[in-house]
Amino acid sequence: MRRKWVAAGVLMALAASVMAADIDFSDFDDDLMNSMDDAIKELDSNVGGQDAKASLANVEVIRDGLTWAEKYFSAKPEAPRGAGLAREGQEHLAVVAKSIEAGDFDAASNGVRAVVKTCKTCHEAYKPPE
Amino acid sequence: MNRITSRRDLLIGAGLGAGGLALSALAPGRAFASQATDNFIDPLAPKQPHFPAKVKSVIWLHMAGAPSTLDLFDYKPQLIKLHGQPLPESFSKGLKTATDGGVGALTATKRTWNQYGETGAWVSDLLPNIAKHVDNISFLKGCKTEGSTHVISSLKLHTSALTPGRPSLGAWITYGLGSANPDLPAFVVLPTGKGGAGGGNGQVIWSAGFLPATFQGTSFRQGDSPILFLDRPERVVQTEQRATLDLLKQLNEKHASRYPADTELEARTRSYDLAYRMQVAAPEAVDLKQETAATRAMYGIGEKPTDEYGTAVLRARRLVERGVRFVHVISGTQEEGIQSWDAHQEIEKNHAVMAKTVDKPIGALLRDLKARGLLDSTLVVWTSEFGRTPYGQTGDGRDHNPWGYTSWIAGGGIKPGTYGATDEIGLRAQEGVVDTYDLQATVLNQLGLDFQKLTFQHQGRTEKATTVFGDVIKPILT
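Chains A and B supply the protein sequences, listed in that same order.
Residue numbering for the first sequence follows this note's numbering, starting at 1081 and increasing by one per position.
Residue numbering for the second sequence follows this note's numbering, starting at 38 and increasing by one per position.
Which chain B residues stay away from chain A? Per the calculated CB distances, all over 12 Å, these:
#, residue
1, Arg148
2, Thr306
3, Asp413
4, Gly449
5, Pro453
Derived lysine-lysine pairs resembling DSSO-like cross-links, with alpha carbons at most 27 Å apart:
#, chain 1, residue 1, chain 2, residue 2
6, A, Lys1197, B, Lys130
7, B, Lys452, B, Lys93
8, B, Lys130, A, Lys1156
9, B, Lys490, A, Lys1178
Taking beta-carbon pairs under 10 Å as the criterion, some of the chain B residues facing chain A (in silico):
#, residue
10, Lys490
11, Thr492
12, Gln494
13, Gly497
Don't read these hints as lab results, they were simulated from the structure.
For each residue, glycine too, the CB sits at the ideal point set by N, CA and C.
All chains, full assembly: derive it from the sequences and hints.
This is the structure in structure tokens:
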């Protein structure tokens, strides 16, 4: 049975606006996406709370996920924007990490939103409706 | 320094002192736990914004049910040319189009259109009064959202969530800035129409969510007694009530003195006085007899189609004049067979009624605010949970469209004009895309609140009004 991609609430929303039924994503690691979804929310919270250690731990989870996603989409020519978006997300994430290390949490917060936008762009393009 | 006489005193003193040091007074939001007088922490004490505010108040005009902005503001000549043809795949690709019915043929607007003002904004013949004020309005023509049902998208519009439980924008603003008038609620909701409560969505769209309940919206009823159970009992005169409250206060204070760290006792004592003050302030704030006959007529009060909505909108003006931070006016009608803008069928009839209901009062509101110098300190937001599709449904209706629609903002710090656009047929936002998170971030920004820094700790997370999303729509700001 095909697994769900992310949390039910988000799916409910995007089901209305996305159609990617023609692409087979049955081999996609949905658990990883769930972990990334949690980690992004945690990262936003931890950056808001200026907790560098916890923020950097979240960054690692998201980086792993985006690295995996880049590889996955590189082997998926029917979803040509996926790999590029995953790379873009990693670039934004690198800025987030640098900003956290420099203690600039305002810049880190802006970076988190850039990562989130990249995720959202990819979801809008490829996340299949429930 | 006072000598500490008991272990209890020591613990109480240490706790209060540490609390006072730990929490910075007057910071947006945080002051709910730090604006102390004696031992009492007033959650609604006024707080300083993060940066100088452009406006003091917001009038949020919620067009419940989702109007077709293709028949109001978003003029699409190409849709007229393609009328009667099936929806081209080039437009619908990637969209799950059948949300609440089938996908009919493309349907041209039947309205007549004109450009108005120096900005040349397009407005249809359904809104002749709003059309007179386009030079004060920034039209956001690339709006988009998520969800395909009114409840879900209304929740997102107001709480940035797709399920109930998060605070509404008005609650965040009240949390961030406190109240500017201690005699009135800082966040007032004015539902209209037979459905009343949020186009059928209920109080979840003005809820405080996980914020303290004191920040939730207070729904006012029509009529002279706006708040339920606020009136003094019929056989109690004012002096008697005052004497009762004074005695109650004395007894409560005596009791509370034994528990100096218990702020709930203090809060309850103060709530009696607030209710007493509101018995006078709230009816006065909504008493339209204090307005001139010309003003009431301007809002359409006394005319059947506009009486109820005009009353609500004029009340909104009076409330912001009195320092209310956020007034959420929900559109509705008393017209038989029509509850909201939700026109899956008979859109011509529906929109004629709904437009007539809101156009004159909203035009009057903009004119009135400007004449009183209030438009510079108020933000007027016209929006809905989504728009409607360029393709038809059931022969003479339009379906829900979360992919592209128009909202508008007028008031302090807003640059008039048109920002963003939908595609050639008005199906999908294409340029200057504005999500509901961005709209919320912009409203907060105009109130002097940094949407990334207005936070609340909930279940171990630092929560924000717009969650992890949002951008201030800078191109529309002066």
